[in-house]
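Asks: Using the sequences and the accompanying hints, generate a full structural model.
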Amino acid sequence: MRRKLGYADVTPKNLYLSRRTLMAGAAGLAAGALLPGGALARIAAEASPYSIDATPTAYEDITSYNNFYEFGVDKGDPKAHAGALTTEPWSVVIDGLVGRPGTYPLEDLVAPARLEERIYRLRCVEGWSMVIPWIGFPLADVLSRAEPGSGARYVAFETLMRPEEMPGQRGFFQPLDWPYVEGLRLDEAMHPLTILATGLYGEELPNQNGAPLRLVVPWKYGFKSIKSIVRITLTADQPPTTWNLQNPREYGFYSNVNPAVDHPRWSQATERVIGGGIFAPRRETELFNGYAEEVGHLYAGMDLTVHY
Amino acid sequence: MPVMQGAGTINQALRRLPTGPGYLVGLVPAAYWITLAFQNRLGADPVRTLEHELGIIALQFLVAALAVTPLRELTGVSFLRFRRMFGLLAFAYAILHFTTWLVLDRQLDWPRILADLVKRPYIILGMTALLMLIPLAATSFDRAVRWLGGARWRRLHRLAYPATALAAVHFIWLVKTWPLEPLLYAAVVALLLAWRARGAVFSRRRRIRGQRAA
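First to last, the sequence lines map onto chains A and B. Mapping the first sequence onto our numbering, position 171 (from 1) lands on 171, and the numbers just tick up by one. If you count the second sequence from 1, you need to add 308 to reach our numbering.
Hints in this document: simulated from the structure, not taken from any laboratory. From the three backbone atoms N, C-alpha and C, an ideal C-beta is built for every residue, glycine too. Keep in mind that the hints are not guaranteed to be accurate.
Computed footprint of chain A on chain B, listed as stretches where at least three residues anywhere in the stretch have a Cβ under 8 Å from a Cβ of chain A [what the hints assert, rightly or not]:
hint, segment
1, 351-358
2, 388-400
3, 478-485
Replies: Below you can see the structure in the form of C-alpha cells.
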C-alpha cells in the first residue's frame with residue numbers, strides 16, 4: 001500500500017529535525033540541553049572563528065525587543081503579532097543575473113549548508129546593541145550555487161509581503177513602503193561574515209527575529225539585515241533599499257557601522273547596551289562594528305562620510 | 309460663554325477637592341516607573357523606556373495646563389485651581405526626564421553631552437523647552453504674582469505655549485518614521501495653541517474697537 005509522501009520523505013533528516021526542535025519527540029535527542037527559552041533540543045551547529053568573544057544578550061531580550069515594522073513600529077509589536085506568520089512552507093525566488101534562477105524551497109537552500117553558530121554584535125542605527133548567537137551559513141554558498149553572471153554587481157533582497165499575516169502592512173497608517181527591500185554590493189554579499197540565519201540560541205529563529213530565513217551583515221546597522229526573505233535578485237545596478245527610500249539623507253545604501261559618521265539627528269559614537277539594566281555602561285561604537293580588519297578593504301579609497 | 313449642562317455640579321465637586329494631595333498623586337507614576345527601572349522590570353532597554361515614559365507624562369501635564377482655559381470656555385468646567393499643579397508637575401517630570409537622559413542614558417559623558425546640546429536639533433528643542441519652564445516654576449507661588457504684578461506675570465507665563473510646542477516637536481523629531489503617537493500629541497497641542505491664538509486675535513480686535521469708540 002502506498003503512503004502519501006510528506007516532508008519527512010524528501011527532507012534531510014537533520015533539517016526536518018531542526019525544524020521541529022520544539023516538539024516533544026525530539027526531546028530524546030536533546031540530551032537535556034535546557035535553553036533560556038525553556039525549549040529542549042538544539043540545532044546542531046559548529047562553532048565559528050568569526051564569533052566574537054562576548055556574552056550573548058538574554059534570549060528574552062533578543063526576542064522581545066525587535067524592529068520588524070511589518071508587525072508594528074513598537075519594539076514589542078513583533079513578538080506580540082508575529083506568531084500568526086506562516087513560515088512553512090517557504091520558498092525563496094532567486095533570479096536576476098544568475099545562471100540557475102528559480103523558486104527554491106527553503107529546504108533546498110538550507111540542506112546543503114553546514115550550519116554554524118555565529119556570535120555577532122548587532123548594532124542598531126538607533127544607538128543600541130545586543131549580542132546574538134545566530135545559527136546560519138554563508139550567503140556566499142547560496143549565491144555561488146545560483147551561479148552569478150559576469151555582469152552581476154549587486155544583490156537585492158525582498159521581505160515577505162503578506163498583509164493578512166503582517167498587521168504593520170495593513171491599514172491607514174503605513175510607516176514604510178512594502179515590501180521591505182535591501183541590498184548589498186556583490187563583494188559584501190560574498191564576504192564570509194555575511195550569513196543567512198535560520199536560528200538563534202540553538203533554536204529555530206522565532207518569527208519576530210525574521211523566520212524562517214534572514215540576512216545578517218554584522219558590520220552594518222541592523223536594518224540592512226533583512227528579515228523573512230522571499231526573493232534574492234542579482235543585479236548590475238545598485239538596488240533601492242527601504243530606509244534609503246524613506247529618508248535618503250539619514251540612511252545610506254552602505255550604512256556601515258561608523259562612530260565617526262553621525263546620523264543627522266543623533267551621534268553614533270556610543271551605544272546603549274541592551275540587557276544590562278539601567279546602570280549598564282555605554283559602549284564605544286567600533287568602526288565596522290569591530291570588523292575593520294575583515295571588511296575594511298572593501299571600502300578602500302571610499303569616502304565613508306559620502307558613502308554612508 | 310457656553311456652559312455644558314452639569315458644569316456647575318462638576319465645578320462644585322472640583323472646589324471641594326484639595327490641591328495639596330494632588331501633587332502626591334501626580335508623582336505616583338514617577339515613583340512607579342522609577343521603581344520598575346531599579347528592579348530591572350522595564351524590558352530590554354529600561355533606560356529608553358524610563359526616559360520615554362517620564363517625557364510623555366511631562367508633555368501630558370503641559371497639555372493639561374494648556375487645556376484648562378479652552379475647557380472652561382467650551383464647557384464651563386473649570387480646573388483653574390489645578391493649573392499651577394499641572395504646570396509644576398510638568399516641570400518635575402521634565403526635570404526627571406532630563407536627569408534620566410543625563411545620568412542613565414548619556415552617563416555624564418560631558419563632552420558628548422555638550423556636543424549634543426549644541427548639535428542635535430531635537431535635544432536643543434527639548435532643552436529649550438525645559439529652560440523656558442524654569443522661570444515659570446520659579447514664579448509659580450502667590451507672592452511672585454504680587455511681586456511681578458498680574459500683567460507681567462501673565463506675560464511671562466505665556467512661555468508655556470512655546471515650551472509645549474517645542475516639547476511636542478522634540479517628540480516627533482527623535483523618532484524614525486511618522487508613528488501615530490507623537491503626531492497625535494502634536495495635533496492636540498496645535499489645536500490648543502490655535503485656540504489661544506484665536507482668543508488673542510479676538511480680544512485684540514475688541515480692544516481696538518473699544519479704543520475707537522472712546
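Asks: A separate judgement is required for each hint: does it hold in the structure or not?
Replies: Verification of the supplied hints:
no. : hint    : verdict
1   : 351-358 : holds (count 7)
2   : 388-400 : violated (count 0)
3   : 478-485 : holds (count 4)
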